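Student: Residues per chain are reported as follows:
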Amino acid sequence: DTAVSQTPKYLVTQMGNDKSIKCEQNLGHDTMYWYKQDSKKFLKIMFSYNNKELIINETVPNRFSPKSPDKAHLNLHINSLELGDSAVYFCASSQDLWEQETQYFGPGTRLLVL
Amino acid sequence: LAKTTQPISMDSYEGQEVNITCSHNNIATNDYITWYQQFPSQGPRFIIQGYKTKVTNEVASLFIPADRKSSTLSLPRVSLSDTAVYYCLVGVRLTGGGNKLTFGTGTQLKVEL
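Going line by line, the protein sequences match chains A and B.
Residues in the first sequence are numbered from 1 upward in steps of one, following the numbering used here.
Residues in the second sequence are numbered from 1 upward in steps of one, following the numbering used here.
Don't read these hints as lab results, they were simulated from the structure.
None of the values given here were measured: they were computed from a predicted structure.
Here a beta-carbon is modelled for each residue, glycine too, at the ideal position from N, C-alpha and C.
Among these hints, one or two may not hold up.
To be verified - Below, in silico cross-link-like pairs of lysine to aspartate or glutamate (EDC-like), each with a Cα-Cα straight-line distance of 16 Å or less:
id: 1; chain 1: B; residue 1: Lys100; chain 2: A; residue 2: Asp85
id: 2; chain 1: A; residue 1: Lys67; chain 2: A; residue 2: Asp18
id: 3; chain 1: A; residue 1: Lys71; chain 2: A; residue 2: Asp85
id: 4; chain 1: B; residue 1: Lys100; chain 2: A; residue 2: Glu101
id: 5; chain 1: A; residue 1: Lys19; chain 2: A; residue 2: Asp85
id: 6; chain 1: B; residue 1: Lys3; chain 2: B; residue 2: Asp82
Unchecked claim - Incomplete in silico selection of chain B near chain A, CB under 7 Å:
id: 7; residue: Met10
id: 8; residue: Tyr13
id: 9; residue: Phe39
id: 10; residue: Pro40
id: 11; residue: Gly43
id: 12; residue: Phe63
id: 13; residue: Pro76
Said to hold, decoys possible - Anything over 12 Å on all C-beta distances counts as not near chain B; from chain A, calculated:
id: 14; residue: Leu11
id: 15; residue: Thr13
id: 16; residue: Asp18
id: 17; residue: Ser48
id: 18; residue: Glu58
id: 19; residue: Lys71
id: 20; residue: Ala72
id: 21; residue: Gly84
id: 22; residue: Asp85
id: 23; residue: Ser86
id: 24; residue: Gln103
id: 25; residue: Gly106
id: 26; residue: Gly108
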């Protein structure tokens, strides 16, 4: 069984559209994250949720809205997509929010905005 | 905010030891240093973690000097399958208070025969 799964794996869409990426973890972890990896392979944290509560909200445009219906799920909705949103988005989870907790990453969602 | 920097790339041959250094001048006092490995089309995967001095596990060693402003991941006797991008992850002190989880810039390791 996959520990952290994301859907879809690939997403190609037009500028201005709205899209969602889903993430699920079956590890029983309390904390989940969204990261963005750009074309230069830089990884940046976007959001972090702990027990369904938003903990970290980095400087991310308001067009990005995370939603955590329960501890096992953290979805990312993006409104009015722009060319610069093209990237790989990774979901991750950890047992707790502490920095020393190992994070388990999903396989990534490759978003291409045309 | 100072970046957490790594060499962009390193080349090595099978059987050699590889040392990858991460510079993190603004590391938060109580935060650990964690290293991840990423293969193409996959998410990062945990390798090793430490707070100070030296940590060793079955795949790598991590060396952290007393001032903790850098750390070195050491991979003994690399093989072709170690070709990947390696990232450090640290909590960085923010000017206004608090910490921010920050990945290093990543090092592409290429291992050849």
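Student: Next step is simple, just say for each hint if it's right about the structure.
Tutor: Okay, the hints, checked on the actual structure:
Taking the CA atoms of B/Lys100 and A/Asp85, the gap is about 22 Å. The hint is violated against a cut of 16 Å. A C-alpha spacing of about 15 Å is found between A/Lys67 and A/Asp18, which places the hinted pair at or below 16 Å, so the restraint holds. Between A/Lys71 and A/Asp85 the CA atoms are separated by roughly 26 Å; this puts the pair beyond 16 Å, and the hint is violated. Between B/Lys100 and A/Glu101, the direct Cα distance comes to roughly 14 Å. Compliance with the 16 Å bound is thereby established for this hinted pair.
Annotation: proposed proximity of A/Lys19 to A/Asp85 holds, straight-line Cα distance about 11 Å (limit 16 Å). Annotation: proposed proximity of B/Lys3 to B/Asp82 is violated, straight-line Cα distance about 25 Å (limit 16 Å). For B/Met10, the interface hint is violated, the least distance from its beta-carbon to any beta-carbon of chain A being 14 Å, above 7 Å. A distance limit of 7 Å between C-beta atoms decides the matter here; for B/Tyr13 the minimum to chain A is near 23 Å, and the interface restraint is violated.
A least Cβ separation of about 11 Å between B/Phe39 and chain A goes past the 7 Å threshold, and the interface hint is therefore violated. The beta carbon of B/Pro40 is not positioned within 7 Å of any beta carbon in chain A (closest approach about 10 Å), and the interface hint is therefore violated. With its C-beta approaching chain A no nearer than about 3 Å, B/Gly43 sits inside the 7 Å limit, and its interface hint holds. Because the smallest distance between the Cβ of B/Phe63 and any Cβ of chain A comes to about 18 Å, over 7 Å, the interface hint for this residue is violated.
About 22 Å separates the beta-carbon of B/Pro76 from the nearest beta-carbon of chain A, more than 7 Å, and the hint is not met. The Cβ of A/Leu11 sits about 15 Å from the closest Cβ of chain B, beyond the 12 Å cut-off, so the non-interface label holds. In this structure A/Thr13 is separated from chain B by more than 12 Å, as the shortest Cβ-Cβ distance comes to about 20 Å. Interface exclusion of A/Asp18 from chain B stands, the closest Cβ pair being 25 Å apart, more than 12 Å.
Taking the minimum C-beta to C-beta distance to chain B, about 8 Å, the non-interface status of A/Ser48 is violated against the 12 Å cut. Its closest Cβ contact with chain B, about 8 Å, brings A/Glu58 to no more than 12 Å, contrary to its assignment away from the interface. The beta carbon of A/Lys71 is kept farther than 12 Å from every beta carbon of chain B, the shortest such distance being approximately 20 Å. The non-interface label for A/Ala72 is consistent with chain B: the shortest C-beta to C-beta separation is roughly 17 Å, beyond 12 Å.
Annotated as non-interface, A/Gly84 keeps its C-beta farther than 12 Å from every C-beta of chain B; the closest such distance is 19 Å. Against the 12 Å criterion, A/Asp85 stays outside the reach of chain B, whose nearest CB is about 19 Å from its own CB. With a cut of 12 Å on Cβ distances, A/Ser86 stays outside the contact zone with chain B, its closest approach being about 16 Å. For A/Gln103, the requirement that its beta carbon stay farther than 12 Å from each beta carbon of chain B is not met, with the minimum near 7 Å.
Non-interface call for A/Gly106 relative to chain B: violated, since the shortest CB-CB distance, roughly 5 Å, does not exceed 12 Å. Non-interface status of A/Gly108 relative to chain B is broken: a Cβ of that chain comes within 12 Å, the nearest being about 6 Å off.
In this structure, the earlier hints numbered 1, 3, 6, 7, 8, 9, 10, 12, 13, 17, 18, 24, 25, 26 are contradicted, and the remaining ones agree with it.
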